[in-house]
Structure formats: structure tokens, C-alpha cells
Amino acid sequence: MADNKKKKKLAMVVFSGDLDKLMAAFIIATGAAASNIEVTMFFTFWGLRALKKKTLTGKSFMGKIMGIMERGDISKASPGKYSFGGLGRWMFGKMMRSKNVATLPELRQMAIELGVKLYGCQMSMDVLEIPREKMIDEVVACVGVAFFIEQAQESDMQFFI
Amino acid sequence: MADNKKKKKLAMVVFSGDLDKLMAAFIIATGAAASNIEVTMFFTFWGLRALKKKTLTGKSFMGKIMGIMERGDISKASPGKYSFGGLGRWMFGKMMRSKNVATLPELRQMAIELGVKLYGCQMSMDVLEIPREKMIDEVVACVGVAFFIEQAQESDMQFFI
Amino acid sequence: MADNKKKKKLAMVVFSGDLDKLMAAFIIATGAAASNIEVTMFFTFWGLRALKKKTLTGKSFMGKIMGIMERGDISKASPGKYSFGGLGRWMFGKMMRSKNVATLPELRQMAIELGVKLYGCQMSMDVLEIPREKMIDEVVACVGVAFFIEQAQESDMQFFI
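Residue numbers (our numbering), protein chains in the order written: chain A, 980 to 1140; chain B, 980 to 1140; chain C, 980 to 1140.
Keep in mind the hints are simulated off the structure, nothing from the lab. Heads up, a few of these hints could be off.
What the hints assert, rightly or not - 30 Å max Cα-Cα, derived DSS-like pairs, lysine-lysine:
#: 1; chain 1: A; residue 1: K1043; chain 2: A; residue 2: K1032
#: 2; chain 1: B; residue 1: K1033; chain 2: B; residue 2: K1055
#: 3; chain 1: B; residue 1: K987; chain 2: B; residue 2: K1096
#: 4; chain 1: C; residue 1: K1055; chain 2: A; residue 2: K1060
#: 5; chain 1: C; residue 1: K987; chain 2: A; residue 2: K986
#: 6; chain 1: A; residue 1: K986; chain 2: C; residue 2: K988
#: 7; chain 1: A; residue 1: K987; chain 2: B; residue 2: K986
#: 8; chain 1: C; residue 1: K1060; chain 2: C; residue 2: K1113
#: 9; chain 1: A; residue 1: K1055; chain 2: C; residue 2: K1060
#: 10; chain 1: B; residue 1: K1113; chain 2: B; residue 2: K988
#: 11; chain 1: B; residue 1: K988; chain 2: A; residue 2: K988
#: 12; chain 1: B; residue 1: K1096; chain 2: B; residue 2: K1078
#: 13; chain 1: C; residue 1: K1078; chain 2: A; residue 2: K1113
#: 14; chain 1: A; residue 1: K1060; chain 2: A; residue 2: K1073
#: 15; chain 1: A; residue 1: K1055; chain 2: C; residue 2: K1073
#: 16; chain 1: A; residue 1: K987; chain 2: B; residue 2: K985
#: 17; chain 1: C; residue 1: K988; chain 2: B; residue 2: K985
Unchecked claim - Far from chain A, by Cβ distances over 12 Å, these chain C residues were calculated:
#: 18; residue: K1033
#: 19; residue: S1054
#: 20; residue: G1065
#: 21; residue: M1075
#: 22; residue: R1076
#: 23; residue: G1094
#: 24; residue: M1102
#: 25; residue: D1105
#: 26; residue: D1116
#: 27; residue: D1135
#: 28; residue: M1136
Glycine is no exception: its CB is placed at the ideal position from the N, C-alpha and C atoms.
Chain A extracted, bound-state conformation (with noise of 0.2 Å):
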């Protein structure tokens, strides 16, 4: 905003794990870093869906019911409204493909490629138990609040998502 010689920033917490809200938060990202700004996302809660890989997770009693509830990657995200126990995602994904949007999938690897950073949060990561090794190799680095805000105060935009 103030100097123009600077890139521009953009710092991001998707904390929803919804079909939709991650589409929108991808698009977002994708469309901001093709626009030569500096993207910075950071995933928390269930927003973590976006960077697991295809495993379940959990190491306590409690942390494995939850790795159940919440399995599968992000081709496995529902959308937030019309979930119908898998009916949902069915149907958004047909409606987009027919209009060649791309895929939640796709939206992240395009993001990896133009440069958006993708950092978990380590305090969900915790509680949830979900380790560093079953998230995807792309995910630059598990992080706290302090670095967030770091990011987030030198940023020109911001999102909650």
C-alpha cells in the first residue's frame, strides 16, 4: 500500500477443511500469486485436511476417531452446504468439472507451482495428531501463532477463511 516497490503480500489462515472454502481460498491464492504477489497460506484446524496425505491419522483413542471422521486427503474435502454423506462432493465435482474448473487437487499443485507458500499450524497439528510425515512434501514448514503474525503484519491483504 505504501510502497509500491515492494511486492505486494497476501497472508491467509484456511481454517475450514469445506470443498467450497478451500476452492475459494485456493483461487484466491492461485489468483493472487499469478498476479506477482507474495501468497503465504496458513492451514489450521481443519483446514490441515489441504495438506494430509491419503492416511489415517491419530495416536490416542481420541486422536484415532478423529483421523476416521476426518480421513481421506483434499480430493476427499465435501463441500459445507449439501454434504449428503459424500453426495455433495459428487455432485459440485460434476457441476465443475462440466465447466472445466479445475480441481481442488489441481488448484493446490498450481498454487505449489507459482510459489505460494503452504505452512501447517503446529498447535492443530498437535492436537489433532496429524505428524509432519503425513502431510505432503510441499508443506514448507509446521508452524505457531508467532510466525503467523510475523507474515501477517507485513502483509497488504488478509484472509480468514
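With chain A's structure known, arrange chains B and C on it following the hints.
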């Protein structure tokens, strides 16, 4: 922030079509516009309800089903909690009227009169099969993410609602 | 962003009353305050739960029903997913305690001690019939949207949670 001579700007993504969130979005938008701030609202996904005319949408089989599930204009938005098949909307409406709070259609009209610019997200419109002519005339344009990013990076405030 | 001599500011709208989103809001707020950032939180709609005393609210018939549905203070917040009539809250509480994560009441107390300013949205308080005296003493003031916009436009970061 940096330049006090320029008018401040607010860029908002309205993703939700819930009564309570749309209320919040339009109250912030009209409040900002009344404080001499330039406001642009980008309606995407469920948020498109706020721009729709009172008409059914959808062309393909899926699109028509979605159009029926999401039927109705802004006045048919239901709260995100306690929707109870329409009961929640009625209850909230009653509680708000008894406190003389403006309704959603009134808030949108106020926003338009205060010069708030309303944009539709072209991609969501394509996916949900809502053509331009099924949206209110006051929509400035139907745009892509690049246009939004352009606006957002020049803004002083951003919200994703 | 522009002026490094001034303290950075963060303005947050807390719309949600969900356990998981309130956790995120207070973790960001305390993290920012600990990084020497001025933080103001505006609680509106369901977010008012975070400021309520452990008491029933509501005056009119509708207000009382709403008060019963939304009964309980911050410690009774349920996660936005997997609420299961209270089971989700218990499960999350257990998972977080086992990882030594602060509880919501502890996080709020920490925020207050770090100088985070908590505001209630007067209009939502009117609609939901939650009077000032049913809210915790630490609430700085109950304000309208104009006050929030004033704060937000001077801030370096904004979030809608």
C-alpha cells in the same frame, strides 16, 4: 494507511449466503460507505443469493437441482444456525423487526444508494448456472478473481465473509 | 505497513460462537498482543457468547427461546463440526487438555491480561436481548458499526472470524 489524502478502500468477499452473515456483510459495507470509504463487495458461491432475482436458476439437470435447493432471492436467506426449515428465518425476522433493524433487502438497497459496488463472481455463476440476467440490475459487473485481486491489493481493509 | 514508528494494529470481527473458531480468534489475538500489536476484538451475533456471563438471557418470548438455545458462557461453546449434542465439546476439550492447550476461558483471560480490547456489538445485543450487565466486566464498551469501521480503517490487519 499510508496516504491520508486518498479515500480509504474496503474489499469484501461474500462467500456465505446465510442470513446472519449477509446481515453482517451489509452492515459493515453500509457502515463503511457511510464513513466515506469506497466499498466493493464480491459475491461468490452461496453469496450469489444476495444478487439473485426471485427466480429459479439452472440449465443442466444438476444445475436445476441446485437452483431448487438454493431457490429464492436475498429475502429467503436462512440463518447459518437454527434454520429449522424456515422457522429460524421467521424468528430472526421477527426479532430484528421488533428492534427496528433493517431487513436484508433494505440493507442491500441502502448499500446501493451509498455507492457500494456489487460484483458477481463469474466462475461461481458458471458453475451454479446463474446467468447475468437472473441477477439484479444494480450488479456492476461479473468478474474473475484477477479483478478482485486488483481491487483488494489497493484496499486498506479486506474481509472474507 | 507504512509507518514503522507506530504500533501495528489488528481489528477482528468475531461473528462465530463456535469453540473451534473462538479458539482460533483468541489464539491469533493473544499471539498478536504478545508481539506488541494493538488488538481490538468486536464480538457480534453468535460471537457474543464469548462475552456472556453464565446466565440466561432474553426478555421477550423469542428472546428467551434464543437465550435458552444459546445458553451458557464461553465454556459452553461447541465445535462447528461434530457437536453431537455436547459430545464434540467434551472430546475436543479432552484432546486439547492432553496436549496442554489453553482452554477458551483461559485464552480469553490471557487476552485481557495482554491488553486486548473486547467490544460488544450493540445491535446484536439488542436483537438477541443480551443486556450489558449479563456480559463480563472486562468488556470495554458496547459499540456500533461506525466505531468498528473507525478502528478497522486505522488497522494493519483485519479478520472476520
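To see whether the hints hold, each was checked on the structure:
1. A:K1043 - A:K1032: holds (16 Å)
2. B:K1033 - B:K1055: holds (9 Å)
3. B:K987 - B:K1096: holds (14 Å)
4. C:K1055 - A:K1060: holds (25 Å)
5. C:K987 - A:K986: holds (20 Å)
6. A:K986 - C:K988: holds (21 Å)
7. A:K987 - B:K986: holds (20 Å)
8. C:K1060 - C:K1113: Answer holds: K1060 (chain C) to K1113 (chain C) is near 28 Å, not above 30 Å.
9. A:K1055 - C:K1060: With a Cα-Cα distance of about 16 Å, the restraint between K1055 (chain A) and K1060 (chain C) holds, given a limit of 30 Å.
10. B:K1113 - B:K988: holds (29 Å)
11. B:K988 - A:K988: holds (17 Å)
12. B:K1096 - B:K1078: Roughly 28 Å between the alpha carbons, so the hint for K1096 (chain B) and K1078 (chain B) holds.
13. C:K1078 - A:K1113: Judged against 30 Å, a Cα distance of about 19 Å means the pair holds.
14. A:K1060 - A:K1073: holds (16 Å)
15. A:K1055 - C:K1073: holds (26 Å)
16. A:K987 - B:K985: holds (19 Å)
17. C:K988 - B:K985: Roughly 20 Å separates the two Cα atoms, so the pair holds.
18. K1033: With a cut-off of 12 Å, K1033 (chain C) remains clear of chain A, as the shortest Cβ separation is near 25 Å.
19. S1054: holds (18 Å)
20. G1065: holds (15 Å)
21. M1075: The assertion about M1075 (chain C) is violated, with a minimum of 6 Å to chain A.
22. R1076: Given that some Cβ of chain A is not farther than 12 Å from that of R1076 (chain C), nearest at about 10 Å, it is violated.
23. G1094: G1094 (chain C) is indeed farther than 12 Å from all Cβ atoms of chain A, at 15 Å.
24. M1102: With a cut-off of 12 Å, M1102 (chain C) remains clear of chain A, as the shortest Cβ separation is near 22 Å.
25. D1105: Since the minimum Cβ distance to chain A is about 26 Å, D1105 (chain C) lies beyond 12 Å and the statement holds.
26. D1116: holds (27 Å)
27. D1135: Non-interface label on D1135 (chain C) violated, nearest chain A Cβ at 6 Å vs cutoff 12 Å.
28. M1136: Non-interface label fails for M1136 (chain C): nearest chain A Cβ at 5 Å, not farther than 12 Å.
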